[in-house]
Amino acid sequence: MADAGGIGRTPLLEVRGLKMHFPITSGLLRRQIGAVKAVDDVSFDVFPRETLGMVGESGCGKSTCGRAVLRLYDITAGTIRLDGVEIGQIPQPRLRKLRPKMQMVFQDPQASLNPRMTVAGIIGEPLDEHAGWGRRQKLDRIYELMDAVGLNRNFVNRYPHEFSGGQRQRIGIARALALNPAFIVCDEPIAALDVSIQAQVVNLLEELQQRFGLTYLFISHDLSMVRHIATRVAVMYLGKIVEIAPRERLYADPKHPYTQALLSAVPEPDPAAERRVERIILKGDVPSPANPPKGCNFCTRCPQVMEICREIDPPTQEVAPGQFVACHLYGEPRRTTAEATAA
Amino acid sequence: MTHGAEPVLDVRDLKTVFRTRGGEIHAVNSVSFQLRPGELLGVVGESGSGKSVTMMSLIGLLPSPPAERRGGTVMFGGRDLMKASDRELRRVRGREIGFIFQDPMTSLNPVFTVGFQIMEPLRKHMGMTLAQARSRAAELLDLVGIPDARRRLKDFPHQFSGGMRQRVMIAMALACDPKVLIADEPTTALDVTIQAQILELVKELRQKLGMAIVWITHDLGVIAGIADRVMVMYGGQVVEHAPVRELFANPRHPYTRALLSTVPSVRGERAPKLTVIEGQPPLLSRPPTACPFRARCRHAHGRCERENPARRPVGAAGHDVACHWDPPEAAPAEAAHG
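Sequences listed follow chains L and W, in order. Counting from 1, one number per residue, gives the positions in the first sequence under the numbering used here. Counting from 1, one number per residue, gives the positions in the second sequence under the numbering used here.
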């Protein structure tokens, strides 16, 4: 999917044909009998200073995709270029030098902060690892970061359990910012927080983006929050991106039947409007990524399924400026960007 | 909704505290509500607002210690559940009041078949024979839309998907034809498309079976779609209560108003900036003598510090709010969606 979301701009992150398959082994010799195709041939770009939202239901591979992009896994296939440097296949020791540029904010601030380290220890750890600064300089930077994310400086020697969920997430964000990264993967950063706290964290992320010129890959299952924060949105289903489009287009005019169903399923916080929502109720469950159906991955649940969908995996095509859809319902076959999806 | 009908459940001034090493936590502070036959009461609040604890407490599901009920009455079927013995409560639970919990994986027993677990209440509470219970269990699974019900009785919970497991939970809760169903965040652990399936199912079952439902959630969207009346909880108290359309059209409590404007929507206009409720929820370590929301409230004044507001009727019928402040009569500007 060579998506031209920002024509004429150079993407900060370029992902082509990314595959992340986890082996299923069995028996005494751990012979491989299959693979969970968590991410299966995914291509997208993220442009400088934008937020690409990545949405989908649990098990669709969105988190795996985010982690694979940061090379937290050794990927099965594909290329990942960050700021012009190919990082898809380089070995982990060399990758370490590039880590300051790309960081991650995790879902569960409870689990991703070491309970035996103080705030200073947690935020300062990346500086110890990569910057090698003296004590004074490090502490100054820690204070600076705490100010930036709205944490009280007096709490610098406290432990994670002394903070609330929202504040813990702020610690996680400060840690991600420590090394002045260009690109941050936010993996469900607000999923574990209460509604009123979610808004605080989302606003903080937006403010930091403005201030430090950050680029986000924002992974979430919350379609309304993604609509708020993202500039472009990619929708994943069973390891593949089924649609990718600028925010306004995706929410106003979703093309893929899955995107349509997904958006229609979101309850509307207004009883009058809620009764007018036309809901597309999908039948059944998501198939196993170890054994995806033949043809289009969505063919088992698609309300508009056709004969061809059960045979041929649909190529990705541009149906409107910047809006790419992988579905047989759209376009003549000759307009497809077959070369990008042939892999 | 049946106005004026005798309530099936009538809770007054329920108080529950937890005694912990760090002192007492006042989790439920004088909560009162009524549930009328056949209606769906939505209970909204954030974690720690006391919404689940209230419901667990009123049917005696909280272990004591640390929980301690400090007063109130819970009238159900002509008797006060607060005074009922453990044996009596056990009979009420499952048979007359059904429960659906949030996480279907942890509330089903992984080592028994689904059929066994649905049949257990039927045999215990209804005195059915094995054969009767089995056919009723199959009927129930069929009712909640599980295909090939009779065969699936032999399956274990792990053989079902998340949405299917929640359907099993619903079937179990419905097993003894309860008068009241308490559903505690039943769709929170599910994906949106599966949530939509379950919400459809509940709407359908309500029409078929007509029981009264208490639906606990933090998702205002879900509430807007299914509730008849809504109760908003904050800091262990009911801060606002109204028919669903009234609540969304004329929210009175600053917390409700703020909550409605913090939630973005996937439809209509997109708000450029999210409204934020600054600060943190209260700790509830002392008995409430002031408004629990005062520290985060933009309309707080001296009186809010001195006196915990009591619920008072406002505006339309059935609308009450626990707040000293009155919104200006003009358009409820900050409550506008999006």
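Do not rely on the hints blindly, as some may be mistaken.
Stated by the list, open to error - Partner residues are not named here, just some residues of chain W that face chain L (Cβ under 7 angstroms, in silico): (1) E46; (2) G78; (3) H158; (4) L201; (5) G221; (6) P264.
Source of the hints: derived by calculation from the structure; they are not laboratory data. What you are looking at is a predicted structure, and each value in this text was computed from that prediction instead of being measured. We put the CB at the ideal spot given by N, CA and C, even for glycine.
### Message
A closest beta-carbon separation below 7 angstroms is what the hint needs, so does G78/W meet it against chain L?
### Response
34 angstroms, violated
### Query
Can we keep the H158/W interface hint, with Cβ of chain L closer than 7 angstroms?
Result: violated, 14 angstroms to nearest chain L Cβ.
### Message
Hint validation: E46/W versus chain L, beta carbon distance must be below 7 angstroms. Holds or violated?
### Response
4 angstroms, holds
### Task
Return the status of the interface hint for G221/W: holds when the least beta-carbon distance to chain L is below 7 angstroms, violated otherwise.
At 3 angstroms from the nearest chain L Cβ, G221/W passes the 7 angstroms test, so the hint holds.
### Task
Grab the minimum C-beta distance from L201/W to chain L and call the hint holds if it beats 7 angstroms, violated otherwise.
10 angstroms, violated
### Query
Can we keep the P264/W interface hint, with Cβ of chain L closer than 7 angstroms?
Constraint on P264/W satisfied, holds at 4 angstroms.
The structure fails to meet hints 2, 3 and 4 from the earlier list, while all remaining hints are met.
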